[in-house]
Amino acid sequence: MESCKLTAHELLEKIKNGEIASEQIFSDLSKRIEGVDSKVKAYVRTSDSQPLVHNSNFRGIPVSIKDNICTEGCNTECCSKILVGFNPPYSATVINKIIESGNSFMGLKCNMDEFAFGSSTENSCFGPTHNPWNLECVPGGSSGGSAAAVAADEAIWALGSDTGGSIRQPASFCGVVGLKPTYGRVSRFGLIAFASSLDQIGPLTKDVRDSALLMNIISGYDPNDSTSINTPVPDYTKDLINDAKGIKVGIPREYFVEGLDPEVKLIIEEAVNKLKTLGAQFKEVSLPHTEYAVPVYYILATAEASSNLARFDGVQYGLRAKTQNLIDMYKKTRQLGFGDEAKRRIILGTFALSHGYYDAYYLRALKVRTLIKQDFDNVFKDFDCIITPTSPTSAFKIGEKVDDPLKMYLSDIYTISVNLAGIPAISIPCGFTKKGLPVGLQILSKHFNEGMLFRLAYAYEQNTEWHKMKPKL
Amino acid sequence: MGIDKKTVEDVAHLARIELNAEELEKLSSQLEHILAFIDKLSLLNTENIVPTSHVLAINNILRKDEPKASLPIDKILKNAPEKQGSFFVVPKVIE
Chain C
1 MESCKLTAHE
11 LLEKIKNGEI
21 ASEQIFSDLS
31 KRIEGVDSKV
41 KAYVRTSDSQ
51 PLVHNSNFRG
61 IPVSIKDNIC
71 TEGCNTECCS
81 KILVGFNPPY
91 SATVINKIIE
101 SGNSFMGLKC
111 NMDEFAFGSS
121 TENSCFGPTH
131 NPWNLECVPG
141 GSSGGSAAAV
151 AADEAIWALG
161 SDTGGSIRQP
171 ASFCGVVGLK
181 PTYGRVSRFG
191 LIAFASSLDQ
201 IGPLTKDVRD
211 SALLMNIISG
221 YDPNDSTSIN
231 TPVPDYTKDL
241 INDAKGIKVG
251 IPREYFVEGL
261 DPEVKLIIEE
271 AVNKLKTLGA
281 QFKEVSLPHT
291 EYAVPVYYIL
301 ATAEASSNLA
311 RFDGVQYGLR
321 AKTQNLIDMY
331 KKTRQLGFGD
341 EAKRRIILGT
351 FALSHGYYDA
361 YYLRALKVRT
371 LIKQDFDNVF
381 KDFDCIITPT
391 SPTSAFKIGE
401 KVDDPLKMYL
411 SDIYTISVNL
421 AGIPAISIPC
431 GFTKKGLPVG
441 LQILSKHFNE
451 GMLFRLAYAY
461 EQNTEWHKMK
471 PKL
Chain H
1 MGIDKKTVED
11 VAHLARIELN
21 AEELEKLSSQ
31 LEHILAFIDK
41 LSLLNTENIV
51 PTSHVLAINN
61 ILRKDEPKAS
71 LPIDKILKNA
81 PEKQGSFFVV
91 PKVIE
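If you read the protein sequences in the order shown, they are chains C and H.
The working numbering puts the first sequence at residues 1 to 473.
The working numbering puts the second sequence at residues 1 to 95.
For the record, the hints were derived by calculation from the structure and aren't laboratory data.
On a predicted model such as this, the values are computed, not experimentally measured, just so you know.
Please note: incorrect hints may appear among the correct ones.
[To be verified] Here are the simulated PhoX-like cross-link-like pairs (lysine-lysine), alpha carbons at most 20 Å apart as the crow flies: (1) H:K26 to C:K401; (2) H:K40 to C:K332; (3) H:K5 to C:K373; (4) C:K332 to C:K5; (5) C:K446 to C:K283; (6) H:K26 to C:K322.
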């Protein structure tokens, strides 16, 4: 039972020294899931697949996988009624890389908002996941199952996907480490597409070292993903240096405005002070187009989603409504199969792309995306990274925002710009509110500079204790 | 620019999603609310700005035109709601 409380790097050390076997870790994890998942509901429990997919060369650590990453032989349902029972004919590149590295993956998949549409994991057709720190609160989303599983020691480490903050915001809400890599760093082949120009797969882990280790495994060029970039993958563990001396950090003034919870603000300021004592140099900077990020995102992400989700029509896989003619079959299947948020986004996206509205919405949003990207380019001319809160608040109550989509969208206000600019960002635990909920610190850097994120995050982590805190379950 | 119920109905048809009266009502008012927020984009002058569809300078990736093995048909068909031989079956399209 104890092994599930450890990090992957601690366990790999024990495996190397012959102190524990991979099978024992898996069995401890299964017991832990049996013990607490009835409360947390981090995993999707309807699939009839085995808890562990066999890997004859398994000598490492199981990785828990979000339900939108294809795992051959193990259901991948995107937590959507339209894909219930879908058993992928091939595995995602990241899954093959995990297996090639001697590790394996949990056969149970992690819960998520349907098609990754959401910020709370409440939009899952299997029901919500609960935050391990307070079961009445959401774990964040859309990778809420992955984040909650890691926080509750039901996973050693996990993969999520991040289109507008879906790794970082749940990492922040659950008190774990979540990284969104540079666009193109990790192959998207086998990730069920939401918004193809924004999506990236990334790790959710208990500490920064595990994040670097998992990035070493999953990163790299893939001929099956024409948007993956053919540039060498460094050994990210080399960036785990306990020293922040001379690192130049920008603090964007547009992120510290109305809407930011005063308690979160205070905790972030304390974290900044800590980093100052470690030698980092801070200066206020401006990202003037910040306020346009959410509107740009909800045009571009929904437009791309409306196109990507056209494939769910009842012909090749998933649900099919019984009708007499083809058009009715498409329409009925999609009415029955998609949840409310999926319908909302597909219709909004189709509207933004439709004749007469394209220039006013879609094209304009693409242009404003350029302005947002230029804001970052300008800051990174003089700074190594940018620090912000990951989310304006700590975890909110289940049900609190479900009837107000716009309010829900605004909970991603600090994470969305990163996807629009394609840059990498990490969220690390940096404190707790008076009610005992975790708060995350977000560090951003320029394209392919994950190393800088790891360096600053590691220096902070080695000089604080937040990452060692465990929820009582 | 706003969005009315008729537009939502038309767009839902384009997106091949059937909506019942209740869904149409609720969606129309929610989308109106969301679009009012999005309309803040019209405050910016974007006249000479080049649109960004992908953030990194990537080119078309071409592979050699060589035949390669595809996934086997039975694997592809195993998730089909309805199939016959090596085909997907759909409701009759041609009279």
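Now the hints, each set against the structure:
The straight-line distance between the Cα atoms of K26 (chain H) and K401 (chain C) is roughly 16 Å, inside the 20 Å bound, and the hint therefore holds. Taken as a hint, the K40 (chain H) and K332 (chain C) pair is broken in the structure, with Cα atoms around 35 Å apart against an allowance of 20 Å. For a cut-off of 20 Å, the pair hint linking K5 (chain H) to K373 (chain C) is broken: about 35 Å separates their Cα positions. Proposed proximity of K332 (chain C) and K5 (chain C) is contradicted: the alpha carbons are some 46 Å apart, above 20 Å.
Restraint check: the Cα-Cα separation between K446 (chain C) and K283 (chain C) comes to about 17 Å, which is no more than 20 Å; the hinted pair holds. In summary, the hint linking K26 (chain H) to K322 (chain C) is not supported, as the alpha carbons are separated by about 26 Å, beyond the 20 Å threshold.
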